[in-house]
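Position chain B against the provided structure of chain A, taking the given hints into account.
Taken in sequence, the protein lines are chains A and B.
Position one of the first sequence corresponds to residue 1 (this note's numbering), numbered consecutively onward.
Position one of the second sequence corresponds to residue 264 (this note's numbering), numbered consecutively onward.
Hints are not guaranteed to be accurate.
Here are the simulated lysine-lysine pairs, DSS-like style, with alpha carbons at most 27 Å apart [said to hold, decoys possible]: (1) Lys227/A <-> Lys380/B; (2) Lys519/B <-> Lys158/A; (3) Lys398/B <-> Lys227/A; (4) Lys398/B <-> Lys380/B; (5) Lys525/B <-> Lys465/B; (6) Lys158/A <-> Lys380/B.
Which chain B residues face chain A? A few, computed with CB under 7 Å, are given here [to be verified]: (7) Glu333; (8) Phe337; (9) Thr340; (10) Lys433; (11) Gly436; (12) Glu440; (13) Ile524; (14) Asp528; (15) Phe554.
Keep in mind that the hints were calculated from the coordinates and are not lab data.
For every residue, glycine included, the Cβ atom is placed at its ideal position computed from N, Cα and C.
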Amino acid sequence: MERYWLIAATLCFLFSFAYTLYAVATGKFRSARINLLAMAAGFAAQTTFLYMRGQQDRSCPINTLFEVIIFLSWSIVLIYLLIGPAYHLSLMGAFTAPLVFFLNVIALVSPLNQNPHPKVLLNPWLEMHVALSLMAYGGFGLACIAGVMYLVQERQLKSGRPDTIFYHLPPISDLNVANGRLLRIGFVLLTLGLAAGFFLKLPVANAKFAVSLGIWAIYGIILLLRKTHSLAPRRMAALSIIVFILALVTLPAIQMLSVAVKR
Amino acid sequence: MNILCAGISHHTADVDIREKLAVPDHHMDAVLREVREIEGLSEAVVLSTCNRVEFYAASICPARAFEGLEKYLFNRTGIRAPLYFHDSPQSIRHLFRVASGIDSMVVGETEILGQVKQAYASAHGRGATARHLNKLFQHAFRAAKYVRTKTRITSGPVSVGSVAVDLAEKIFGQLTEKKVMILGAGDTSERTARSLQSRGVKSIIVSNRTFERAAALAEEIGGMAIHYENWHNIFPEVDILISSTSAPHPILTREKLAPLIKARDDRPLFIIDLAVPRDAEPELNELDSVFLYDIDSLQQIATQSLAVRQQEVLRCEQLVEEHVTEFLAWMRKLHGGYPAGAES
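Bound conformation, chain A alone:
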């Protein structure tokens, strides 16, 4: 039953993306209201899915790679809904939708959900550690999206011949500011997540520890470079995209190493 909620959420994200693409291409894009509603509907369906899953697991539903991917996609939408409209980042939903759609499809079509309800260790520090870390990834995911939007808008401005999308994208300065704030939100959440990890009485694989700390350090360095104006906003945007892809790629490895140690 809960799978249908996930499919419904995925379809909402697909609709959000397809509608905005169509509206921008045909010049009918007026506001992001429909896009926002579709994202909110998808978020509600995904929340229902996670709630039902949590009831069955009797814990926060972040115990398998399948659940981790869904929780990550949920975190990205949550942060988007919290900050996107506040910063008038009207088209951010259109850029967020394909990413969360892609994550949901991976979770749905891959054989990751073979063991839906594993026995889990009930530990509030563990749940906090994983949940905060995944929400941090959500923040980094949105920083990556703001980075993509920055690069698109910069290209439009530098070309001297802006297209229709140019008029719907937020000002490039706002995108730069949003990118910085999202990186900071992600970094704070990741720091808290890692700190919660230190309260666990569980052994940690060296490789997992190194990868987690490495990602934390890279984001720390990016923020430092940003603060000292050592890198141009364009390079900062590109870095937030590259590092998020790197973090996303290492996520399954971190999850597998965690499961191996728990066993």
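The following block gives chain B in isolation, referenced to the frame of chain A:
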């Protein structure tokens, strides 16, 4: 009852005729009263803008009303203006087109709707309108809003000044805290600076080889003049640079600006080069956070927007037609099933 429209516009008359027919605010009272005294004419609205002077009226006898109006205008101005006369339904269609911006000099401009609203309010306030024109103008406002929402008739900027403002807002967002520097006190740079000023830029600094010209322009636009030799010192604080000097070679070179840009802490710089020959080296656009636009690229964007608007005109006409049909249906219902003008 018929709806009539008589007048001149930028399509039919030059400015020297339009200015003679124009009805200033302080004459509006008298003109509305005199027009309604014309035989066969009841309600009246006068729309007088820089691009058109039009009289809208309700009448039971169009031929006599047109004749009377023509005579009245000749007596008032002393000239035989090339007036156009529209009876229903063409008059209704014309007003809806005017209010929607389809008939404007710059297609899709939005100022006209405000002017139509003001003309109606002025006539209504003086008791010059009744059931027919009240309904007609309310319908015109609805039609104009509908056309703007459903089409791209107002999309994109269509003048160098508005393109510059749009680009500046897409670079900086709010312009209220931004500083503008004008290099070379030309007409286009002054107009562009004024457009930016209308969006609330914080301050404008003017620099010119002849200091007196810089000072005169600065005084006119409420800015500050500086000596040409000193513009480099102010440059790191500037967000928008408008250049239109008559220098025969580029004065804004990559070599000169690159070190100054480093001191700006990644703040974007928008360079508007209005000079021919150009003041800024094209290579400046390759620098991080620098956005360079010359006169050609600004004009190209304006032309592009205008082309988009022109393409939309056909769709707008179709939407206007729907509203004309709706209004005519209301007229028929009001007059017991007779088409407009059929009953006496």
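When the least beta-carbon distance from Phe554/B to chain A is tested against 7 Å, hint result: Since the shortest Cβ distance to chain A is 5 Å, the answer is holds.
Interface hint outcome for Thr340/B [beta carbon to chain A under 7 Å]: violated, 44 Å
Pairwise hint evaluation, Lys380/B against Lys158/A, where the allowed Cα distance is 27 Å at most: With Cα atoms ~40 Å apart, Lys158/A and Lys380/B exceed 27 Å; violated.
Hint consistency between Lys519/B and Lys158/A [alpha-carbon to alpha-carbon, up to 27 Å]: holds, 20 Å
Cut-off 7 Å, beta-carbon criterion: hint that Asp528/B touches chain A: Hint holds; Asp528/B Cβ to chain A Cβ min 5 Å, cut 7 Å.
Ile524/B as chain A interface residue, shortest Cβ-Cβ below 7 Å: violated, 10 Å
Restraint satisfaction for Lys433/B [CB to CB of chain A, less than 7 Å]: Holds: closest Cβ of chain A sits about 5 Å from Lys433/B, inside 7 Å.
Status of the Gly436/B interface restraint (C-beta, 7 Å, chain A): Because about 4 Å separates Gly436/B from the closest Cβ in chain A, which is inside the 7 Å limit, the hint holds.
Cut-off 7 Å, beta-carbon criterion: hint that Glu333/B touches chain A: For Glu333/B, the interface hint is violated, since the closest Cβ of chain A sits about 44 Å away, which is over 7 Å.
Hinted pair Lys525/B and Lys465/B, Cα distance within 27 Å: With a Cα-Cα distance of about 23 Å, the restraint between Lys525/B and Lys465/B holds, given a limit of 27 Å.
Pairwise hint evaluation, Lys227/A against Lys398/B, where the allowed Cα distance is 27 Å at most: violated, 61 Å
Satisfaction of the Glu440/B interface hint, Cβ to chain A closer than 7 Å: Violated, about 11 Å.
Checked against the numbered hints above, the structure violates hints 1, 3, 6, 7, 8, 9, 12 and 13; every other hint is satisfied.
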